[in-house]
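Asks: Sequence:
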Amino acid sequence: MRVCKWNEQSLTGFDRHLGRCHCPHYGSAARLKVVRGARLFLTYLRDARIITLPSVEPPVQEPALLSVFCQWMRQQRGTGDVTLRTYSIYIRELLQRFGEKSSRFDARRLRAFVLAKSRSCGWGAVKNCAKALRMFLRFLIAEGQCAVGLDAAIPTVAHWRWLLCHATFNPKT
670 MRVCKWNEQS
680 LTGFDRHLGR
690 CHCPHYGSAA
700 RLKVVRGARL
710 FLTYLRDARI
720 ITLPSVEPPV
730 QEPALLSVFC
740 QWMRQQRGTG
750 DVTLRTYSIY
760 IRELLQRFGE
770 KSSRFDARRL
780 RAFVLAKSRS
790 CGWGAVKNCA
800 KALRMFLRFL
810 IAEGQCAVGL
820 DAAIPTVAHW
830 RWLLCHATFN
840 PKT
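For any residue, its number in this note's numbering is found by taking its place in the sequence shown, counting from 1, and adding 669.
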């Protein structure tokens, strides 16, 4: 992508890419630092007038249920903004797919959602998705908006790398 085309939207896409990145020279441990550095570079490009500011788009309205969840997480669990931003990615997608009526959430749909995520994302992103959905369902349970135990419908995400290590490990060699 040419530098003159860079904007907030491309930075968001880059951040999403890093969440499931398998590029050979990228170590996923420094994701936040990489995105922060890219954001600073984008600011520099704007300040140096190498790129121009895009037209201002109206802010996207967050789903009401997501806003209430984030507020609850801050108050009840002391959750920070970075964690809530990560959780919001997956919860927003879930709400877009199924709507805000919590009665539409059932074990089959929730498992299918996580399975679909596992086909398009890396292990870390799927693990974050499962964590976010479990926490969101616990919020709904606490608020009396869904069945008790529905959070157990979210599958545990296996990390097959350890299984392969175990299967090929021979203590005699």
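Treat the hints as calculated values from the structure; they're not laboratory data.
Treat the hints with caution; some may be incorrect.
What follows is a set of in silico ranges between Cβ atoms, one per label pair, in the way DEER data are often shown [what the hints assert, rightly or not]: (1) Val817 x Arg671: 47 to 55 Å; (2) Arg780 x Val751: 21 to 29 Å; (3) Arg715 x Ala816: 43 to 51 Å; (4) Gln745 x Leu680: 30 to 38 Å; (5) Thr825 x Val704: 22 to 30 Å; (6) Ile810 x Ala707: 25 to 33 Å; (7) Gly747 x Thr721: 22 to 30 Å; (8) Arg708 x Gly749: 28 to 36 Å; (9) Gln814 x Thr721: 25 to 33 Å; (10) Gly706 x Arg773: 25 to 33 Å; (11) Gln765 x Tyr713: 14 to 22 Å; (12) Phe767 x Arg715: 20 to 28 Å.
The C-beta atom is built at its ideal place from N, Cα and C for all residues, glycine as well.
Asks: Compare the structure with each hint and give your call.
Replies: Here's how the hints hold up against the structure:
The hint said 47 to 55 Å for the Cβ distance between Val817 and Arg671, and at roughly 53 Å that hint holds. Range check, Arg780 to Val751: about 27 Å between beta-carbon atoms, so the 21 to 29 Å window is met. A beta carbon spacing of about 49 Å between Arg715 and Ala816 agrees with the range 43 to 51 Å that was offered as a hint. For Gln745 paired with Leu680, a C-beta distance near 32 Å keeps the hint of 30 to 38 Å intact.
At about 28 Å, the beta-carbon gap between Thr825 and Val704 stays in the expected band of 22 to 30 Å. Between Ile810 and Ala707 the Cβ separation comes to about 38 Å, which falls outside the hinted range of 25 to 33 Å. For the hinted restraint 22 to 30 Å between Gly747 and Thr721, the CB-CB distance of approximately 41 Å leaves it violated. For Arg708 paired with Gly749, a C-beta distance near 18 Å fails the hint of 28 to 36 Å.
Distance hint check for Gln814 and Thr721: the Cβ-Cβ separation is about 45 Å, which falls outside the suggested range of 25 to 33 Å. Our hint of 25 to 33 Å for Gly706 and Arg773 is violated, since their Cβ atoms are close to 40 Å apart. Take Gln765 and Tyr713: their Cβ atoms lie about 34 Å apart, and the range 14 to 22 Å is violated. Checked against the given bound of 20 to 28 Å, the beta carbons of Phe767 and Arg715, roughly 38 Å apart, lie outside it.
In this structure, the hints that do not hold are numbers 6, 7, 8, 9, 10, 11, 12, in rising order.
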